[in-house]
Amino acid sequence: MQGFIAVYLRELLILKYRFKRQLAGMAISPLLYLITFGYAMGDVIRFGGHSYLEFLIPGLVAMGSMTQAFAIATDINVARFYWNIFEEFQAAPISNLSYVAGEVLAGMTRALLAIVVILLLSLPFGVVLHYGPMFWLAVLLNCFVFASLAVALAMLVKSHADQSLLTNFIITPMAFLGGTFFPVEKLPEWAQTLLSFLPLTHASHAIRASSLGQPVHSADYLVLVIAGAVFFWLALHSVNRARD
Amino acid sequence: MIRIENLQKSYAATKALDGIDLSVAAGELFAFLGPNGAGKTTTIRILTGLTRLGSGRALLNGHDIESDGIAAKRQCGLVPQHINLDSELTVLENLDIHGRLFGMEPSRRRRKIEELLAYVELADRTRSLVKQLSGGLKRRLMIARALMHEPRILFLDEPTVGLDAAIRRRIWALVKRVQQDGTTIFLTTHYIEEAEFLAGRVAFIDQGRIVAIDQPHNLMARLGHWAIDQVNGEGMQTRYFPTREEATGFSAGQDCGFTLRRVNLEDAFLALTGKKVL
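So the sequence lines, in the order shown, correspond to chains H and E. Sequential numbering from 1 applies to the first sequence in this note's numbering. Sequential numbering from 1 applies to the second sequence in this note's numbering.
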């Protein structure tokens, strides 16, 4: 437990020192998406009786929670390959569970902060959505899924360049295809089947349905729970692989 | 104490360690001396859990590093070769996080931080960010951090590499004090004078094998006590003599220039391996 707190506390301290820069970084992309896709095009596109802005904001929440939770991988890699701080954890008498849980929670904390930024940014656009328990449950699960995936991949990569490749090939396509900017239902059947394997598709469904006051599907939550459990397990078993 | 039996480690086709056997007694200051790539750092990385063991066995105060890894890690502190402090955090935060990683209670952490910062003469830099410290101060902070949880074994991997002579001497004095307080110290270095000054026993390591282990004066005495370096058409040649008188007697009959000096560990290493340490 002490090890878990130490790992988490270290990440929080770093977040504290970088707080202003982090907030600016978290705000810039969603703000641009809101202005360009939502504000400029919002009047011409409607989905299921909702304005494009109402459709877009839950998508941005899903995407933001994914990218910010996954960003912990970059911090871990910088600590591992450039600053060698990861050795401090390797040499400490802590379990792999303590390390992984501390880093995953740090990734989730950062992602939740980004979600608050997105929701605050959406206020001036006059969109009122429902942010009830099912919304926050979906957000938390999505953060858990991608923070766990981030820690697992950060342990498996052999260089910082490998990490960038993974972001380009996994996270960026998912951000655009996982139901964030358009309804997956508009795509052909085969594409829908393919995209149903992406956790972000289910996160987008759950976050959008709960925030628009529509019935949520328990299957979406179940997929996120299973994906999160699998990635967390993978992270736990990848820590020893980081030893050379 | 440290016990290592037939330690082996390979990277692809390269054997980094080729059957290391040694024992370091409690409270001893033991040095591993060898050129870059000899296997010094690999040995320390294996013993401290940073690198996977190839084969063999190692015990730290009776705890097997593989089967009882967490307990083995509790026994030791590590000062790695490169700076691995959290440069974005303060001196205090670096020590506090380390204490938490080793499960120290808050009151013990506070007391130990105060005591160690005074010990390494950094008490006035408690709130400084690590990135604002000089290289020498960072080294002292790394030693303080490694001592934070009161380890019984301290691993120092090239602790003075890249530091100027004055700072190096201060680090040596600090290491001596730590040993006098009862800590077992396992040091790697490629600085001859560092091994001679600090170590009670020295092991020469070359190509992953220990070629000799003994007290520094015994290793040197195998050659003699005095040396004469001569430069001639064939390059530099060194001759060894048991006494100064014999050395000066030899040099009296020489035409070319020569240097009379005491035998050092570099001579002993060269005689055993045919290589220089540096």
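Quick caveat, the hints were computed from the structure, so don't treat them as lab data. Keep in mind that a hint or two might mislead.
[Claimed, not checked] 25 Å max Cα-Cα, derived DSS-like pairs, lysine-lysine:
(1) Lys20/H x Lys15/E
(2) Lys15/E x Lys158/H
(3) Lys138/E x Lys176/E
(4) Lys138/E x Lys16/H
(5) Lys16/H x Lys131/E
(6) Lys15/E x Lys176/E
[Unchecked claim] Quick partial rundown of chain H residues pointing at chain E, CB under 8 Å, derived from the structure:
(7) Gly3
(8) Ile5
(9) Leu13
(10) Leu15
(11) Ala40
(12) Val44
(13) Gly48
(14) Asn84
(15) Gln90
(16) Arg243
(17) Asp244
Heads up, the beta-carbon is just placed ideally off N, CA and C, and yes, glycines get one too.
Comparing the hints with the structure gives:
1. Lys20/H x Lys15/E: violated (49 Å)
2. Lys15/E x Lys158/H: holds (21 Å)
3. Lys138/E x Lys176/E: It holds: about 19 Å lies between the C-alpha atoms, which stays within 25 Å.
4. Lys138/E x Lys16/H: holds (22 Å)
5. Lys16/H x Lys131/E: holds (16 Å)
6. Lys15/E x Lys176/E: This hinted pair is violated, its Cα atoms lying about 33 Å apart.
7. Gly3: The hint holds - Gly3/H has a Cβ within 8 Å of chain E, the shortest such distance being about 6 Å.
8. Ile5: For Ile5/H, the interface hint holds, since the closest Cβ of chain E sits about 6 Å away, which is under 8 Å.
9. Leu13: This hint holds: Leu13/H lies near chain E, its Cβ roughly 6 Å from the closest one there, short of 8 Å.
10. Leu15: Check failed: Cβ of Leu15/H comes no nearer than 10 Å to chain E, outside 8 Å.
11. Ala40: Where the cut-off is 8 Å and the nearest Cβ of chain E is about 39 Å from Ala40/H, the hint is violated.
12. Val44: Given a least distance of 46 Å, the restraint on Val44/H is violated.
13. Gly48: At 46 Å from the nearest chain E Cβ, Gly48/H fails the 8 Å test, so the hint is violated.
14. Asn84: Asn84/H check passes; min Cβ-Cβ to chain E is 4 Å, inside 8 Å.
15. Gln90: holds (5 Å)
16. Arg243: holds (5 Å)
17. Asp244: holds (5 Å)
Hint compliance for this structure: hints 1, 6, 10, 11, 12, 13 are not met, and every other hint is.
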